[in-house]
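Colleague: Sequence:
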Amino acid sequence: MYTFLNKYGQALAFGIGVLITVIFLAAIFSADDTTRELLLANDKSPEAYDTGIFDFGITISVVLIGLAFLVAIIFGVVQMIDNPKGSLKGIAGLVALVLIMFIGYSMASGEVNDPEIANAITKFETSQEASISPGNLKFISGSIVTALIMLALAVLTLVVFGIRGLFK
Numbered sequence: 005m006y007t008f009l010n011k012y013g014q015a016l017a018f019g020i021g022v023l024i025t026v027i028f029l030a031a032i033f034s035a036d037d038t039t040r041e042l043l044l045a046n047d048k049s050p051e052a053y054d055t056g057i058f059d060f061g062i063t064i065s066v067v068l069i070g071l072a073f074l075v076a077i078i079f080g081v082v083q084m085i086d087n088p089k090g091s092l093k094g095i096a097g098l099v100a101l102v103l104i105m106f107i108g109y110s111m112a113s114g115e116v117n118d119p120e121i122a123n124a125i126t127k128f129e130t131s132q133e134a135s136i137s138p139g140n141l142k143f144i145s146g147s148i149v150t151a152l153i154m155l156a157l158a159v160l161t162l163v164v165f166g167i168r169g170l171f172k
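36 is the number that my numbering gives to position 32 of the sequence shown; each next residue is one higher, with no gaps.
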C-alpha cells in the first residue's frame, strides 16, 4: 500500500479533487433559472437560503475533512507504534499544545466586557435561535488566546532561525 501511494498518491489525490470539483460545478450550473437568478441577485431573503445546489460541495467537504482526520490519526498511531523513540518530539509538541490551550482556557473569564461583542452575540443568538453560554465564551476566548500564542511562537521561531541562518 505504501509503495502504491508513494508512486500514485499525488496523481490519485489530484484526480479525485478534479472529479469532485467537476461534479460540484455541474451541480451549481445545472440549477434552474429562478435559483440562479435569485443567487446572482444577491438576495438575502429566506428563499435564497433554501437552495440545495451547494449541498454536494458542503457534504463532500465535511466527508473529506473527516476522512483526512481519521487517516491522520490512524497513520499517527501506526507511526508511534512503529517508532516510539522517534515520536517523542511529536508527543512533546502535542503536550505543549494542550498545555498552551489549557493556559488560554484558564485565562479566559467567560464574560463579555465589550458592548460591540455583546451586541454581536445578541444578534447571533437571535438570528440562529441559539444561546452562547459563559463556558462557550471561555472556550472561544481561550482558543483565540491559544491561536495568538501559537502565531507569536511561529513568528519568533521564524525570526530566530532567520537570524541564526545569517551567521551560518
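Hints were generated in silico from the structure; no laboratory data involved. Some hints here could point you the wrong way.
[Claimed, not checked] Label-pair ranges, simulated between beta-carbon atoms: (1) Ile20 / Pro50: 32 to 38 Å; (2) Thr63 / Val22: 47 to 53 Å; (3) Ile20 / Asn87: 25 to 31 Å.
[Claimed, not checked] In silico lysine-lysine, DSBU-like type, Cα no more than 30 Å apart, as pairs: (4) Lys172 / Lys48; (5) Lys11 / Lys127; (6) Lys93 / Lys172; (7) Lys142 / Lys127; (8) Lys89 / Lys11.
A virtual CB, placed ideally from N, CA and C, is assigned to each residue, including glycine.
Colleague: Work down the list of hints and note, for each, if the structure agrees.
Modeller: Structure-based check of all given hints:
In this structure the hint that Ile20 and Pro50 lie 32 to 38 Å apart at CB holds, the actual value being about 35 Å. Remark: the range hint 47 to 53 Å for Thr63 to Val22 is contradicted by a beta-carbon distance near 18 Å. In this structure the supplied range 25 to 31 Å holds for Ile20 paired with Asn87, their Cβ-Cβ distance being about 29 Å. Annotation: proposed proximity of Lys172 to Lys48 is violated, straight-line Cα distance about 58 Å (limit 30 Å).
Restraint check for Lys11 and Lys127: the C-alpha separation of about 52 Å exceeds 30 Å, so the hint is violated. This hinted pair checks out: Lys93 and Lys172 have alpha carbons roughly 25 Å apart, not beyond 30 Å. Distance check on the hinted pair: Lys142 and Lys127 sit about 19 Å apart at the alpha-carbon level, within 30 Å; holds. Taking the CA atoms of Lys89 and Lys11, the gap is near 28 Å; set against the 30 Å cutoff, the hint holds.
The structure fails hints 2, 4 and 5 (numbered hints given earlier, in ascending order).
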